[in-house]
Each structure stands twice: as structure tokens, then as C-alpha cells.
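Novice: Sequence lines, in order, name chains A and B. For the first sequence, the residue numbers in my numbering are 1 to 349. For the second sequence, the residue numbers in my numbering are 1 to 251.
Just so you know, the hints here were simulated from the structure itself, not pulled from any lab data. Take the hints with a grain of salt, since some may be wrong.
What the hints assert, rightly or not - A short, non-exhaustive set of chain B residues, derived as facing chain A with CB atoms under 8 angstroms:
1) Lys70
2) Pro73
3) His74
4) Cys77
5) Val78
6) Asn83
7) His85
8) Val87
9) Phe91
10) Thr95
11) Arg101
12) Val102
13) Phe105
14) Phe128
15) Ala155
Here the structure is a predicted model, which means the values were calculated and not measured. From the three backbone atoms N, C-alpha and C, an ideal C-beta is built for every residue, glycine too.
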Amino acid sequence: MSRSWKLWVGGPVLAFLVLIPFLELQGGYLQTLGFLTFLYITMSTAWNILGGYAGQTSFGHATFYGLGAYTTCILTLRGIPALLTIPVAGMIASLYGLLWGYPCLRLRGQYFAIATIGVGEATRLLMLNLDDLIKNNSLLKGFLQKGVLTGGATGLMLPTPPDIQAYATAFYYGVMGLMFFALFVSWRVKNGKFGLGLFAINMDMDAAETVGVNTTRYKILALMLSAFLVGISGSIYAQYVFYIDPQTVFGFPMSIAMVLMPIIGGIGTLIGPVLGAVFYIVVQDRILTANLNLGLIKLSLSSLHLLVYGGLLVLIILFEPKGLLGVHHRFNIWWNKRKRRSLAATEKA
Amino acid sequence: MAILLEGRKVSRNFGGLAALLNVNFQVRSGEIVGLIGPNGAGKTTLFRCITGVHPPTFGRILFKGEDISKLMPHHICVMGITNTHQVVKPFPEMTVLDNVRVGAFFGKGWVRGEVKDATQEALRVLEFTGLTSKANFLARNLTLPDRKRLEVARALATRPELLLLDEVVAGLNPTEVDRMIRLIQQLRESGITIFMVEHVMRAVLSVSDRLIVLNFGEKIAEGPPDEVARNPQVIEAYLGKNYASGKSHYA
Numbered sequence: 001m002s003r004s005w006k007l008w009v010g011g012p013v014l015a016f017l018v019l020i021p022f023l024e025l026q027g028g029y030l031q032t033l034g035f036l037t038f039l040y041i042t043m044s045t046a047w048n049i050l051g052g053y054a055g056q057t058s059f060g061h062a063t064f065y066g067l068g069a070y071t072t073c074i075l076t077l078r079g080i081p082a083l084l085t086i087p088v089a090g091m092i093a094s095l096y097g098l099l100w101g102y103p104c105l106r107l108r109g110q111y112f113a114i115a116t117i118g119v120g121e122a123t124r125l126l127m128l129n130l131d132d133l134i135k136n137n138s139l140l141k142g143f144l145q146k147g148v149l150t151g152g153a154t155g156l157m158l159p160t161p162p163d164i165q166a167y168a169t170a171f172y173y174g175v176m177g178l179m180f181f182a183l184f185v186s187w188r189v190k191n192g193k194f195g196l197g198l199f200a201i202n203m204d205m206d207a208a209e210t211v212g213v214n215t216t217r218y219k220i221l222a223l224m225l226s227a228f229l230v231g232i233s234g235s236i237y238a239q240y241v242f243y244i245d246p247q248t249v250f251g252f253p254m255s256i257a258m259v260l261m262p263i264i265g266g267i268g269t270l271i272g273p274v275l276g277a278v279f280y281i282v283v284q285d286r287i288l289t290a291n292l293n294l295g296l297i298k299l300s301l302s303s304l305h306l307l308v309y310g311g312l313l314v315l316i317i318l319f320e321p322k323g324l325l326g327v328h329h330r331f332n333i334w335w336n337k338r339k340r341r342s343l344a345a346t347e348k349a
Numbered sequence: 001m002a003i004l005l006e007g008r009k010v011s012r013n014f015g016g017l018a019a020l021l022n023v024n025f026q027v028r029s030g031e032i033v034g035l036i037g038p039n040g041a042g043k044t045t046l047f048r049c050i051t052g053v054h055p056p057t058f059g060r061i062l063f064k065g066e067d068i069s070k071l072m073p074h075h076i077c078v079m080g081i082t083n084t085h086q087v088v089k090p091f092p093e094m095t096v097l098d099n100v101r102v103g104a105f106f107g108k109g110w111v112r113g114e115v116k117d118a119t120q121e122a123l124r125v126l127e128f129t130g131l132t133s134k135a136n137f138l139a140r141n142l143t144l145p146d147r148k149r150l151e152v153a154r155a156l157a158t159r160p161e162l163l164l165l166d167e168v169v170a171g172l173n174p175t176e177v178d179r180m181i182r183l184i185q186q187l188r189e190s191g192i193t194i195f196m197v198e199h200v201m202r203a204v205l206s207v208s209d210r211l212i213v214l215n216f217g218e219k220i221a222e223g224p225p226d227e228v229a230r231n232p233q234v235i236e237a238y239l240g241k242n243y244a245s246g247k248s249h250y251a
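With the rest of the complex left out, here is chain A (with noise of 0.2 angstroms):
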């Protein structure tokens, strides 16, 4: 019964989102929509293989994602061809997480949450400074290239390709591509040893080691596995859009999108990070594109979108922990009981 609704309902969306490029539905906008739900959703399930499987929340996720982008933009701009880069981009990014992931992890639940703020903002201020710090540095002048490595807060700009129309539906496949493949690990990993041992170390760290986990490697491959499917994203982000600078992809509130949309969407859970994923582009989509008109006064809503997150964590945390499949069960058990209740009047009667 479910299976044949999960394919009848499935099978459409899944056709009409294979074919988006080909309506050229308002001019393109839905297809630039799809590339951002699709990435967005891959970062989210990438988030929630650590965050929620094993339960060490990240504010520090931007920094996989900006280094993605980064390292494509840098090797791209030094004449590598742009899709090599991208596996690159990924095992740069996973092996930062080592980096920061070996200390930070040996913290345990909220200091560890804090830490993670720290080493975000750190490293966005970083690569805001790094051209000036490595200027007078005889050893490291060497990877400046006129004068720029990583072009300090005005970024750093990719050529655009000739057909610009192609290469975007490409890259829309490409990211499609790359979200099911999120998807389809984060359901392996749900699925098997790995997923096992990470909940276990989610549910009770100390139980989980005495049991014969190795919490700390589990731990850290974690944050690699998720780090590296965040810094291909970040690689895919910077080569659509061609231009980045540090605030947008180092900045917090990448961070912090990356960990509303599991919590909204239902954390730890395979399809929660894709729901909450779909819920944030849209409600962003149509904040910022909304206006309000109150005759004298004219407000531009673009900010309002983070008030609405917010208000949301605080309702989803005191009243649903377990976003919006939580409210989806609810539902259903509301629902069945209202039939039953429904039959049983009928039957009365």
C-alpha cells in the first residue's frame, strides 16, 4: 500500500524534476531553484550523517564548504581543468575535518557545538587575511599568483563559459547527481556498521566504548565522510555561480543553515534532512523575493527569513524535537484515529 503511493507520487516528481531544464519554466528561475534545493539537500544529509547519526552538532560546517569552493576556484584559476577539481575539493575539506576534528572531538556535546563556532569564524578570518600574512613570507610568496591567493574579502572570480545555458543544465544534473549519492550514502551508512556504531556513540558515548566501538575514530570519520560531501558542494557552488568571496561561503550563517535544516526537516533521520532541506529554499525563495506594501511605508522582507528559522528552532525544539516527520507521525496517528472513530460511528448508526 505504501510502496505503490510512494511510487505514484515518486515517480512524477522525480520526471518532472528530470525535466525542469527542458520546460524552461519563468525563464530559467526553477531551474536555478532545483540547483539549490539539490546542493542544499546534500549538504543537509552530509551534516546529518554527523550531526544527527551521531549526534556532534557542527556550527562549523561552512568551513567544509568554503574550502570546497576555494580549492576549485584556486586550482581552477591556475589552469586545472574545473571537474578534476572537484574530488579534490572534497578530500581537502575531509582532511581539515582531521584536522580540526582530532581536538575538537574529544569534546564532548555542547563544548564541543561551541568549538566548532570558533573554528568557523577563525577560519573565514583566515582566509580573509591569508594574501596579507603570506605577502612577506619568502617561502609561501611562491603560491600567490599576481599577488592573489585567495583575494581577501573581495573573492575571487571565475571566466564564465561561452554557453552559459548549457553548462548550467549540466551542472543541474551534475548536483542531482551528486544529492542522490549523498543520499544513498547516508542510507548505507544509516543501514550498516558504520550507521550502528555512530548511534550508539550518539545515544551514550561511555556505553558505546565499553561495548567495543572506537568512538574517537568513529567520531572523526564522521566529520571526514561528512566533510567531504559538503566540500563538493562547495566546489559545485563556486563553478555555477563563478564568483565567491569569504562572507558568503565561510560565513555563519552557512553554518548555521546547515543545521537548521535537518532539525527542521526531522534529525537523524534519512529523509528529515531532505524535507527540512526543500523547507528552507523555499521559505528563503519567497521572504526575499516579498514585499510589503503598506502604502506610505514600503519593507523589504529579505531578512525576515532568519526570524522565521528562528522562531521555528525554538517551536521544534520545545514542542517537536523531531521536526517535520515528528509532525508528519503526529498526523498520522491523529488521522487513523479519526477514521476508527469515523467507522465506529457508522457502524453504530
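Based on these hints, arrange chain B on the given structure of chain A.
Specialist: Chain B in isolation, oriented as in the chain A frame:
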């Protein structure tokens, strides 16, 4: 019988407090050894030294002749020593079956196998510990006796050679105590060596081959249960004078 576990002058300090001081002990394979002593004597600390949670400050612990005193807890588990926790620590949001599966997956003797195998092993252990009917319950919904059983089941799934039981009987009613004692005896029959901390005298005296008594971090007596129970030093330190004259409510 071969010596399975040996402690040589095991000491553990917490700041200035010596929780354990030069404790020597031996556990032979196939034995049930009871570890008793008044509150704060260092029983749980000794267990934590063995499992690597709080490694000994001084002294060595040998498992089958190998020094394990500096290994991480998960490593020690994989070598074949598992403990249950005095304050039960189930994985609350996981089903009983999944709890046990963690042990089956990560414990000793898990060579690359299928998820199916671990599940089968877990089901076998649930059957053995009498939790089969609750396999799909969330661990947080279990009653205390069942949680204690789950502790044992999860530890058992790691296929230990030496099982450290930290007060698995405490807090159970008399019927449940009897069930737990039967389970412990079955464990020994299946070839597992048991080292247990216990306050409930009825349980520890009836199953142990040998008792080790700690007081203020030092070993004060060792020997067969009835002999230890008659030891004046033990009576003085732990059982109280009423026990000697047969007026105790423990017995």
C-alpha cells in the same frame, strides 16, 4: 586452571585520594569471583581500571599474560573483557535488538560479516537472556530488571571471555534476584569467566567460587565464601557484628 586476569599492585588515585592501593588479584578461567566491600571501597574503580575507563595510576593488569593497563576501553572489549554498568546505560532511543546488535557488531570475534550475522547473534543472545519478547521495544521503555538483563545481553553479545558484572542484582526483587542468579550460573556453564561486584550477599555467596574483599582501596581478604564470611577482619569492616552472631537481615 590457567590465570585469565591478573592485577599486580594496581593503584588508582583521584587527585590526592587513593581509591585503590596495591591491589593484587587473580581470576582463573572458568571461575566466578565475587568482589565485595563496603561503599567506597574501590570495587567499581577496580572494574574501571580493568576495562580501561580509568587506567591504573600505578601497577599492571595482565589479561592472558598481556599487559592491558594502557589500552583504550574499546580495545580491551575486543580482546575479550566486557563489563556491565552499575548504573545501567542502555542506548535509550534504540530498540533492544539494536542495543544488543551493537555488541555483536563491535565485540570480540567479529570478522567481516553480514549485517544478518550480527542480527542472528543478537537474537541468540536475546533468547539466552530471556528478552526475545521485548526485542522491538525501545530500551528506554524497559523496566529496571529488564534493563539489567539488557546490560548483560549487550555485554554478552561481544562474546567476552571475562565478564565483569557490576551490581547486576542490586535493586531487583527476590524473584528477579533468583532469575539473575540462574542466568549467571548459565553463563558460567557456557564457558565465560565471571568477576562480579555485588552487595546482595545472598547472590554473591551462592554463586561465587571465591571472594575478594576490598576496604578503603586495599584488599583485606580473599578465599572461599564461607571462609571469608567468617574472617573477623571482614566482619569488622563490612558485614558488621550482627552478621557474625547470625542476626543479620542479609543472610
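Novice: Evaluate each hint against the coordinates.
Specialist: Hint by hint, here is what the structure shows:
With its C-beta approaching chain A no nearer than about 15 angstroms, Lys70 (chain B) sits outside the 8 angstroms limit, and its interface hint is violated. For Pro73 (chain B), the suggested interface contact is upheld, since its CB lies about 4 angstroms from the closest CB of chain A, less than 8 angstroms. At about 5 angstroms, the closest approach between the beta carbon of His74 (chain B) and any beta carbon in chain A falls short of 8 angstroms, and the interface hint on this residue holds. At about 4 angstroms, the closest approach between the beta carbon of Cys77 (chain B) and any beta carbon in chain A falls short of 8 angstroms, and the interface hint on this residue holds.
For Val78 (chain B), the interface hint holds, since its Cβ comes within 8 angstroms of a Cβ in chain A; the closest pair sits about 5 angstroms apart. With its C-beta approaching chain A no nearer than about 6 angstroms, Asn83 (chain B) sits inside the 8 angstroms limit, and its interface hint holds. The interface hint given for His85 (chain B) holds, since its Cβ lies 7 angstroms from the closest Cβ of chain A, which is under the 8 angstroms cut-off. About 10 angstroms separates the beta-carbon of Val87 (chain B) from the nearest beta-carbon of chain A, more than 8 angstroms, and the hint is not met.
Taking 8 angstroms as the C-beta cut-off, the interface hint given for Phe91 (chain B) holds, the closest approach to chain A being about 4 angstroms. Interface hint at Thr95 (chain B): violated, since its Cβ lies 11 angstroms from the closest Cβ of chain A, which is beyond the 8 angstroms cut-off. Satisfaction of the interface hint for Arg101 (chain B) is found here, the shortest Cβ-Cβ separation to chain A being roughly 6 angstroms, below the 8 angstroms cut-off. Hint status for Val102 (chain B) relative to chain A: holds, with the closest Cβ pair at about 5 angstroms, below 8 angstroms.
Because the closest C-beta pair between Phe105 (chain B) and chain A is about 5 angstroms apart, less than 8 angstroms, the hint holds. Look at Phe128 (chain B): its Cβ only gets to about 17 angstroms from chain A, farther than 8 angstroms, so that hint breaks. Interface restraint check for Ala155 (chain B): the shortest CB-CB distance to chain A comes to about 7 angstroms, inside 8 angstroms, so the restraint holds.
The structure is inconsistent with the numbered hints 1, 8, 10, 14, although it conforms to all the rest.
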